[in-house]
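S.K.: Note that the protein sequences, when read in sequence, are chains A and B.
Going left to right, the first sequence walks through residues 1 to 282 as my numbering numbers them.
Going left to right, the second sequence walks through residues 1 to 206 as my numbering numbers them.
Derived by calculation from the structure, the hints in this document are not laboratory data.
Mixed in with the good hints, there may be bad ones.
Which residues of chain B face chain A? A few of them, derived with a C-beta cut under 10 Å, are [unchecked claim]: (1) Gly16; (2) Pro19; (3) Gly23; (4) Glu74; (5) Phe90; (6) Val121; (7) His141.
From the three backbone atoms N, C-alpha and C, an ideal C-beta is built for every residue, glycine too.
If you want the building blocks of each chain, they are given just below.
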Amino acid sequence: MRTLRERARRVSIAARLFLRDLLRRRVTLLLLFVVPALFDAVVLATTGHRDVEVTLGTLVEDGAVIHVAGAGDDPLDLGLFDNGARTVDQRGLSLVFLGTAAVCFLMCFLAFNLVHKRRDVDARLVLAGFRAHELLVAKVIVLVSLVVVMSAYESAIIRPYLEPRHTLRVASGFILGGVVYGCLGLLVGAVSRHELEGIFVIVLLTNIDVGWLQNPIYYATSERRALIEGLPGHYPMQLAITGAFTDDVPRGTISRSLAYAAAALLAALFAFGLRIRPARRA
Amino acid sequence: MSEPALAVENVHKRYGRRPVLRGVTFEARTGQLVAVLGENGGGKSTLLRILAGLLAPERGHVRRSGATGYCPQECVLYPQLTPDEHLELFACAYGLEPAIARARADELLGTFGFAQHRHRVVEELSGGTRQKLNLSIALLHDPPLLLLDEPYSGFDVETYRSFLAYSDGARQKGTCIVLVTHIAFDRHRFDQILHLRDGAIHADAA
Numbered sequence: 001m002r003t004l005r006e007r008a009r010r011v012s013i014a015a016r017l018f019l020r021d022l023l024r025r026r027v028t029l030l031l032l033f034v035v036p037a038l039f040d041a042v043v044l045a046t047t048g049h050r051d052v053e054v055t056l057g058t059l060v061e062d063g064a065v066i067h068v069a070g071a072g073d074d075p076l077d078l079g080l081f082d083n084g085a086r087t088v089d090q091r092g093l094s095l096v097f098l099g100t101a102a103v104c105f106l107m108c109f110l111a112f113n114l115v116h117k118r119r120d121v122d123a124r125l126v127l128a129g130f131r132a133h134e135l136l137v138a139k140v141i142v143l144v145s146l147v148v149v150m151s152a153y154e155s156a157i158i159r160p161y162l163e164p165r166h167t168l169r170v171a172s173g174f175i176l177g178g179v180v181y182g183c184l185g186l187l188v189g190a191v192s193r194h195e196l197e198g199i200f201v202i203v204l205l206t207n208i209d210v211g212w213l214q215n216p217i218y219y220a221t222s223e224r225r226a227l228i229e230g231l232p233g234h235y236p237m238q239l240a241i242t243g244a245f246t247d248d249v250p251r252g253t254i255s256r257s258l259a260y261a262a263a264a265l266l267a268a269l270f271a272f273g274l275r276i277r278p279a280r281r282a
Numbered sequence: 001m002s003e004p005a006l007a008v009e010n011v012h013k014r015y016g017r018r019p020v021l022r023g024v025t026f027e028a029r030t031g032q033l034v035a036v037l038g039e040n041g042g043g044k045s046t047l048l049r050i051l052a053g054l055l056a057p058e059r060g061h062v063r064r065s066g067a068t069g070y071c072p073q074e075c076v077l078y079p080q081l082t083p084d085e086h087l088e089l090f091a092c093a094y095g096l097e098p099a100i101a102r103a104r105a106d107e108l109l110g111t112f113g114f115a116q117h118r119h120r121v122v123e124e125l126s127g128g129t130r131q132k133l134n135l136s137i138a139l140l141h142d143p144p145l146l147l148l149d150e151p152y153s154g155f156d157v158e159t160y161r162s163f164l165a166y167s168d169g170a171r172q173k174g175t176c177i178v179l180v181t182h183i184a185f186d187r188h189r190f191d192q193i194l195h196l197r198d199g200a201i202h203a204d205a206a
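The task is simple: from the sequences and hints, build the whole structure.
M.R.: Structural data, given as structure tokens:
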């Protein structure tokens, strides 16, 4: 029976070597550093400074009437409850929105790679004596480390163009988005039989969720806000945006994001274990 | 007579409707070198994967008396890790003490002549060098049972001779080696030659 200390040593060795394996792939470094900068460059090139009205869903209080931008004031709205409406700079909003989207997409993709591309050799490691959960924990350590680095990088590169009200909350939004989508990427990697189907799922999910529906401009006019609020990217995006433009503290963003991540991680552990465990331990 | 190192009893395996193994039964004892021959697509690798525990048979039993070292036919490696890093990772998996693992790694790198490549990532190595690493991983923990699927594919003559010398030394220590190959060189070296034909074993007394 291995001690906790021995298990921790094994996991740390695996994590260190998995990180090396990942970072030595040139395309990884390219993705991590070039893609976010490219996204931001496109925003800066195509978006100007102008005020836009948005609705931040996590600031909407129970009983509030959601204000739709451009629809005029609702006579029934007595203004007793916060309806989530805020006026923000469009360029700044785009930087935070696409920054969150970039971190989510890239971490999902990297997590998928961590699990899917090395399945055979991971199975060989399990046959040799590692436990499937030890390998997955090692991969989660790699993932979280990269999430923190990427989030710090994204926060740094938008800083010259946007002074957030609360930098730490914006970075936390990036981190939570990376963690949630990273865990989803682990799950997709564990479940997908073929690489192409996994990439397709990742591209579809991230584009629809954090690339489109989580845009707060879109939220106000949506007839299915509950659906948007139920998607994995909602709370991280809300934390980042409210942190950039308001002093308000959005409800439940951290706990709900972590709940999403935990559910995805548990499912990934189950699927990963099924895929790579030996038929019979030696 | 000693307990067999490997006992295989009535193993059946099919892929979909196609039966691949039909009632494979044999034993291999400590210190024996056993060859499993057969045509391409005859089920040799499937049999070895079952013996190693990677696949479950539909019916039948496999009993192994101790730890196993398995070398797959294809090189199953992390492309961006070096031989040193692979051996460190697998030593950790096997539960080897770091000092023993380092000594063993040095020994295998020297025996198979690829120490000069120990710090180069697998992606940059030749096919033969990758196969040396692939085999070394199976031998690292010096197990009593070795299951090797075409282990010297891509080896030059010198490395092949090194492998033969290594296997002779291992057998003297009591290691049982089951070797899958589709061509039997040096038939006199084998204690048993098993022909896998139509999913069943046909023995060929060496």
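S.K.: Would you list, in rising numerical order, the hints stated earlier that this structure does not obey?
M.R.: 1, 2 and 3
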